[in-house]
Amino acid sequence: MTGFITLFTLLSMSVVALFSLRQSNLTQSVVLFSGVGLGSVVLFFIFNAPDVALTEAVIGSGITAVVLLIGIRHMHKEPEIEEVMMENRRGIRRIAIALLVLLTLLLLGKTLLGALSVETSNAGQALLEHAMQAGAANAVTSVVTYFRGFDTLGEVAVLFLAATGVGLLLTVEKGEDAIYIEPNFILRIGSGFLFPLILLFGLYIIVHGHLSPGGGFQGGVVIAAAFLLLFLTRRRFGLSHKIVTILESGAGMAYVLLGLTGLWLMGLFLGNFLPHPAEKIGMLVSGGIIPIIYILIGIKVGSEISYVVEKLIKRSHDV
Amino acid sequence: MFENLLTWLDSPQTLQAIVVTGSLLLFGIGFYGLLAYTRIIKILISLSIMESALFVFFLGLASDPHKTAPILGDLFKNFEKMNDPVPQAAILTAIVISLATMSLGISFAIEYYKRTGKNDIAQMDALGEKR
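The listed protein sequences derive, respectively, from chains A and B.
Each number in my numbering comes from the position in the first sequence (counting from 1) with 5 added on.
Each number in my numbering comes from the position in the second sequence (counting from 1) with 102 added on.
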């Protein structure tokens with residue numbers, strides 16, 4: 006059944022992607038594009054990667070579509086008919102090139118297939134054997150926060166740089182240029198009711214990152230989605246710049262300090278200096294510093310993505 | 103007949119072939135969009151489609167359907183016969199980075215639009231190019 010589902014999902018993803026590109030209405034195009042993300046969520050579940058599936062569901066087909074829609078809302082000029090016609094004409098002229106490229110890619114795929122009859126190697130098999138010593142039930146979490154913890158520090162730095170860039174670009178000198186539509190009664194009350202629930206769900210995903218699929222990245226983005234709801238329904242609501250700065254930089258510094266403490270006590274950066282016995286695997290308090298690192302990542306990602314979303318929606322000066 | 107087809111589709115080699123050709127098809131569609139369309143949002147969508155294809159390609163080749171997800175549970179007490187966690191961790195971080203680059207690109211596009219009123223690369227002439 007695996008093969009059939011994979012084939013069907015990939016084909017429908019391709020069709021949806023093609024339709025998404027051929028739409029002349031950008032909003033429809035983005036909505037169809039999030040369908041492509043949904044297809045890859047299904048595929049990641051089939052490939053036994055629930056962590057990646059959760060990430061793709063939250064980020065790939067969720068927040069990415071929201072970011073694109075906000076962008077369309079800011080660039081709200083409707084294309085003139087002439088422009089769309091020109092676009093389509095260019096499209097037809099270039100289809101030939103694209104088909105040629107596709108043919109080359111397929112030929113490449115076919116040659117790759119010949120080479121792929123050998124077993125794909127398992128770089129992580131050795132890590133998997135040591136995963137028991139890390140003390141977390143979720144091996145992907147062990148890899149992200151412990152075995153490759155230094156890389157994750159770099160990745161969080163990339164996220165920080167992107168957030169800084171967004172903040173730098175989208176700063177209006179005077180006043181604000183917010184996307185806002187007066188919400189009706191149900192939306193206003195419903196958002197107040199849903200906000201704590203979504204926040205709780207995000208915190209749950211962060212705290213249980215070492216036990217089940219999920220973790221700091223996914224939970225942080227869910228928290229940002231909760232704030233997105235408030236930005237859209239409450240005109241005066243804004244993040245306090247001071248609190249965001251303290252949370253963001255505090256989490257980053259705590260991450261580095263945790264790593265340096267490990268270097269001091271254990272002789273290696275991000276060494277697991279807290280007790281993490283293998284028999285406690287599966288408990289909420291287990292895995293030594295692994296859940297602490299993921300909680301720090303969750304705080305950092307949550308505040309960064311919330312800041313990015315607020316900037317994209319409001320483009321305001323004093324945030 | 104149908105059962106035979108299903109078992110043929112399930113064999114590891116066919117599965118790999120499906121993943122490789124399917125994700126390359128998706129990649130090709132994204133590449134076509136990148137070349138053929140001129141509005142910035144369309145170009146960003148094309149890039150995202152290409153990224154999705156890449157993630158599917160990577161994970162599809164790295165995973166083995168006969169092994170389980172690399173998470174311990176009530177029925178799985180040891181890290182044995184589990185999928186490789188390293189590609190999953192790599193793709194997880196790549197997805198997060200793709201969101202960051204996407205929002206940076208969108209904010210560049212918004213700022214350009216607010217300054218010049220253009221959201222189409224065919225019309226951009228800020229550096230004095232001829233159209």
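Take these hints with a grain of salt, some might be off.
[What the hints assert, rightly or not] 20 Å max Cα-Cα, derived SDA-like pairs, lysine to any residue:
(1) LYS169/B x ARG239/A
(2) LYS179/B x GLY287/A
(3) LYS169/B x PRO55/A
(4) LYS179/B x HIS213/A
(5) LYS216/B x PHE165/A
(6) LYS247/A x GLY257/A
(7) LYS247/A x GLU134/A
(8) LYS179/B x LEU289/A
Hints in this document: simulated from the structure, not taken from any laboratory.
So, going through the hints one by one against the coordinates:
1. A C-alpha spacing of about 48 Å is found between LYS169/B and ARG239/A, which places the hinted pair above 20 Å, so the restraint is violated.
2. Only pairs whose Cα atoms come within 20 Å are accepted, and LYS179/B paired with GLY287/A is accepted, the gap being roughly 10 Å.
3. Only pairs whose Cα atoms come within 20 Å are accepted, and LYS169/B paired with PRO55/A is accepted, the gap being roughly 13 Å.
4. Distance hint between LYS179/B and HIS213/A is fulfilled; the C-alpha atoms sit about 18 Å from each other, no more than 20 Å.
5. Proposed proximity of LYS216/B and PHE165/A is contradicted: the alpha carbons are some 25 Å apart, above 20 Å.
6. The suggested pairing of LYS247/A with GLY257/A holds, with an alpha-carbon distance near 15 Å, which does not exceed 20 Å.
7. Restraint check for LYS247/A and GLU134/A: not satisfied, since their Cα atoms lie roughly 44 Å apart, outside the 20 Å limit.
8. At most 20 Å may separate the alpha-carbon atoms for a hinted pair to count; LYS179/B and LEU289/A meet this at roughly 16 Å.
Comparing the model with each numbered hint stated earlier shows that hints 1, 5 and 7 do not hold.
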